[in-house]
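2 protein chains.
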Amino acid sequence: MSTNDLFDSSDSVRSGRPLAHVKTAVFPGPVTLTTGGVLPELQVAYETYGELSPHKDNAVLIFHALSGDSHVAAHDDQDDPGWWDLLVGPGKYVDTNRYFVICANVLGGCRGTTGPDSINPKTGHKYGVDFPPISVTDIVDSQRMLLQSLGIERLLAIIGGSLGGLMALEWGARYPESVAGIAAIATGARMTTQALAFDIVARNAIISDPNFHGGQYYDKAEGPSVGLAIARMLGHITYLSQESMNRKFNANRNVGRKLDTTFETKFSVGSYLAYQGGKFVERFDANSYLTLTLALDAFDWGATRELLVSNMRRSMCRWLFASFSSDWLFPTFQARELVDAAIKADKRVSYCTIKSDCGHDAFLLENELPTYGGLIGSFLHNLSLDWRPHDSERRQMLNDSYGKPSKPRKVRLDYDSILALVPPMTKVLDLGCGKGDLLMRLKERGHERVVGVEVEEQLVLKCVEKGLDVVQLDLNDGLRSFSDHQFDFVVLSKTLQTIRNVELVLNEMLRIGTRAIVSFPNLGYKKYRKQLQEGHAPQTDPRPGVTWYNTNDVRFLTLSDFEEFCEHKGYKIFRKVALDAETGEIVDDNHTDNADVVIAVLGR
Amino acid sequence: MSTNDLFDSSDSVRSGRPLAHVKTAVFPGPVTLTTGGVLPELQVAYETYGELSPHKDNAVLIFHALSGDSHVAAHDDQDDPGWWDLLVGPGKYVDTNRYFVICANVLGGCRGTTGPDSINPKTGHKYGVDFPPISVTDIVDSQRMLLQSLGIERLLAIIGGSLGGLMALEWGARYPESVAGIAAIATGARMTTQALAFDIVARNAIISDPNFHGGQYYDKAEGPSVGLAIARMLGHITYLSQESMNRKFNANRNVGRKLDTTFETKFSVGSYLAYQGGKFVERFDANSYLTLTLALDAFDWGATRELLVSNMRRSMCRWLFASFSSDWLFPTFQARELVDAAIKADKRVSYCTIKSDCGHDAFLLENELPTYGGLIGSFLHNLSLDWRPHDSERRQMLNDSYGKPSKPRKVRLDYDSILALVPPMTKVLDLGCGKGDLLMRLKERGHERVVGVEVEEQLVLKCVEKGLDVVQLDLNDGLRSFSDHQFDFVVLSKTLQTIRNVELVLNEMLRIGTRAIVSFPNLGYKKYRKQLQEGHAPQTDPRPGVTWYNTNDVRFLTLSDFEEFCEHKGYKIFRKVALDAETGEIVDDNHTDNADVVIAVLGR
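One line per chain: the protein sequences are A and B, in this order. Residue 4 is where the first sequence starts when you use my numbering, and the numbers rise one by one after that. Residue 4 is where the second sequence starts when you use my numbering, and the numbers rise one by one after that.
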């Protein structure tokens, strides 16, 4: 890789010049903001992609991040690249052949929507420091006004990453009836203290720049370009990860690119930062940077779990959250807090931590596109299926790539038996749900609520493809996301033997569910005993090539062990179904000898 | 916690005033630096604690970090606090009743040792930009000159954290015969790209400050205090962790302290940063900041594993490395790289990742003091025992707190059997060595080299207390730290059954050792079979209260399973010892039935 290649990033394609295809909605004022400020007039710059359906039920609103704009995608081959071209376009995950996509520049920004560098119609001069402070709520409100002006009362979905994710949260609680589903990516309920601290240092660099002139620099020869560039350099560090920075810059660590700059260019990463800082000041306004980061930093969707849950309760949409493992600007624990709140508030929610070493920027990059794109695409598709009954393409869609006709189902005696134990209409949580086969059968039977928990990223994606609600969690960490008695049945199907924290998981199951259904291989089964008699450890894992040293099974128990465990813990066994999966029969007598799999229904 | 409490930190106790007890060594020049620069004169400011022994064999040199100085500890109750008072003092981990401790201000600093704000004797004015660039090597050389002037040819130990750790590395390779042991804490072979990037932004803030005047600000009314304060704010963020920042500032997030500052004080973390930035400029010189961070950033002890190993090979000391799990300025993977190199270079090395949520600063804080202090204290003590044969306190030390007489040993038939299988004088690696009992017996038998691997932090500490070389690793991650054929024997004693990655670990054992010795519970043992016959899973874990759901055992195998596995993998079983640990006897016939533990010697 040459040093020059390092400078390409999704961001560096943006120039300062005006974009084609930008439309503008003007709202006469005065517009009163939640901060108490008043705007004499509001202008919102936006772009649209695709066609609004006759029922106006295919609109998808995309929120950009801090330094983005309305140009989410290129409109044609001649057009400038968009910041999310990977995701948005004809035939892409957010398919503009099917959806009507809208993206607007944020209030307080500097790319066409009213902000500090707009002309104040009252004075004929740029607002500068007279631009009032704004909140994320005000940004959301301005885009709500835009939608109403377009005659769109309800969105199929909102998608937002980073700052866009905060806006999505706020929208969900503020305009609950106006959106069917929200996908919030690489975001959190509020900035971490660390992220806040970086914003503060960035703002200090801007306001300390002697060319800032207290924000009144528009009529000066020079603006606070040094301070803004330093702010941007800092931002860039937080968008990348340790790993991605090492990968990008370590090979040519000491080779800085020659640049016309007053900043340090000794190291490759130094010249990269100097370059990015310099480019940014050409297209971004320092007052906008201050206004937007202050709005971002003041945003607080809930400092405590209770506040988060109460905000989440106001929402009425389905939620999709995704975070990236190496994102340290919005670390995964923040997404988990949101997911926990959604679960507590009994919202339909899916969640995935996407393994990535690309840091916060991962949501804009190609590396993990199949996963985050797949999640978003499937989420949209299933919203469409569920929420657009009069859409003529519905039947067609059922047969398209996201909804291929299912293969003939393998007979699964254990699933049949579990299904027989679960009364219709009950709420069911399936722990270790895999690719969602049991959940799908429950869903088709019309259960009130079926939710899955799965640890493997790709299996979570498969569940979301099926339109299931699934949350990525490691059972060994416990299930504090779920409330007491939140489900009627909690199922642990052939998963007990793979869990290290058996006591914790079973305790959690009976906290969350009225009944727990547990199926596990019975080590007492005559074939297993015979294997040991003949000198071999029992082979409870039937997969070919899998044996003692490479099985996922780490717990070995007999039916009696389980019964004693339940007695010891004070769990009642209400029902017990013994299966001989080899013969495909239910076992009536001498369960310990004759059953290779036991299903037990537990309660307290 | 009040907002005010938040401002206390180990650093904030330092004032700008001159310290008592500081001595100065003056070396007439010219002193030629490795960078090509020349100093007309070199002055080194230092402090000492305790008494140098008659044999001059108890000297411990401590290196300070970026913004520290010679005042590592208070000299008495009236004295200013030192930056490592927790660790250094009479009766403390670095016991100044036993050791003669020396700490000097670094070259290029601004606390008494020659630096940019010193008077250049050639001009009678402060150096300013005329101060030549320096390297970490130059810093090390200046302290070597100090030691020689004190008549100390060999140090018992060097201790350094952060920048001090880099200096310790450099010393180890540059003056190998002059030090018996080096403890390098929270450090790495070079800055990560991310850490480098933060330094670059910090320097850009300083050099862009209009009051910097290209470094010639000493005769001006004002210096680059804004730029330096911004640099310091950034530094503070990197010294803390996500968790520690949230803990410190989240409760009063929006309550900034009123300060006389031009910086933002809206948020509690903002006023903290403004306060720390403001305090720092009172006591630190911007040119020193530039000089030292440039030396730090240019330092590269090895970009590749080969270079690292070749540097490590030059050293002749024992090494102790410790890192902190939440340190993101010097992440644990960097310490691991150093440890890998030390192992590859066949150096005596111990290593521990200390679990902490305090970030980089953890090495200066009380939270994890028992662990890092314990490691350093034990390391020093054992160096003393091994390396000070004519020390009159040696016998006394053998009985003191770090070397209590061992309790009568429990009979361990399996250990006896393993010892009988290991010829004297061979090199032995013990995987999952626990608190080091087997290693200790091997060491006492005078083996050429015995090394342990253990995953539990507290067990690693126990091994270091015993003077053993132990490296903290999770076996499931593999053993790439070790070279092919580095040991004669690799032992895995009653640990196989707790490992998920059995294939990987056994493969690694036979890559690293000529022979592998593996002991494991044999599931075919008649008592285990009987247990299963009677309806219960075999209880291979003998600890009381431990059973199928809470044992650490996750792999179950019989002797035959193991033999088949070895055949399948092409491992030869050279010896096999079958034990009945219940009767305490070696089993002669029908091993599968009669042995509860099997020990096998494997080779390729």
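Rather than coming from a laboratory, the hints here were simulated on the basis of the structure. Treat the hints with care, since some could be wrong.
Copies of one chain are not kept apart here, so a pair can be met inside one copy or by any two copies together.
To be verified - Think about it this way: if two alpha-carbon atoms lie no more than 27 angstroms apart in a straight line, the pair counts; the simulated BS3-like pairs of lysine-lysine are:
no. : residue 1 : residue 2
1   : 261       : 26
2   : 129       : 469
3   : 129       : 269
4   : 572       : 533
5   : 533       : 579
6   : 572       : 469
Right, here's what the structure says about each hint:
1. 261 x 26: neither (39 angstroms within a copy, 45 angstroms between copies)
2. 129 x 469: Result: close neither inside a copy nor across copies, 51 angstroms intra and 72 angstroms inter.
3. 129 x 269: Between copies, since 26 angstroms is at most 27 angstroms while 38 angstroms is not.
4. 572 x 533: Classified as between; 26 angstroms across copies, 31 angstroms inside a copy.
5. 533 x 579: both (24 angstroms within a copy, 25 angstroms between copies)
6. 572 x 469: neither (37 angstroms within a copy, 41 angstroms between copies)
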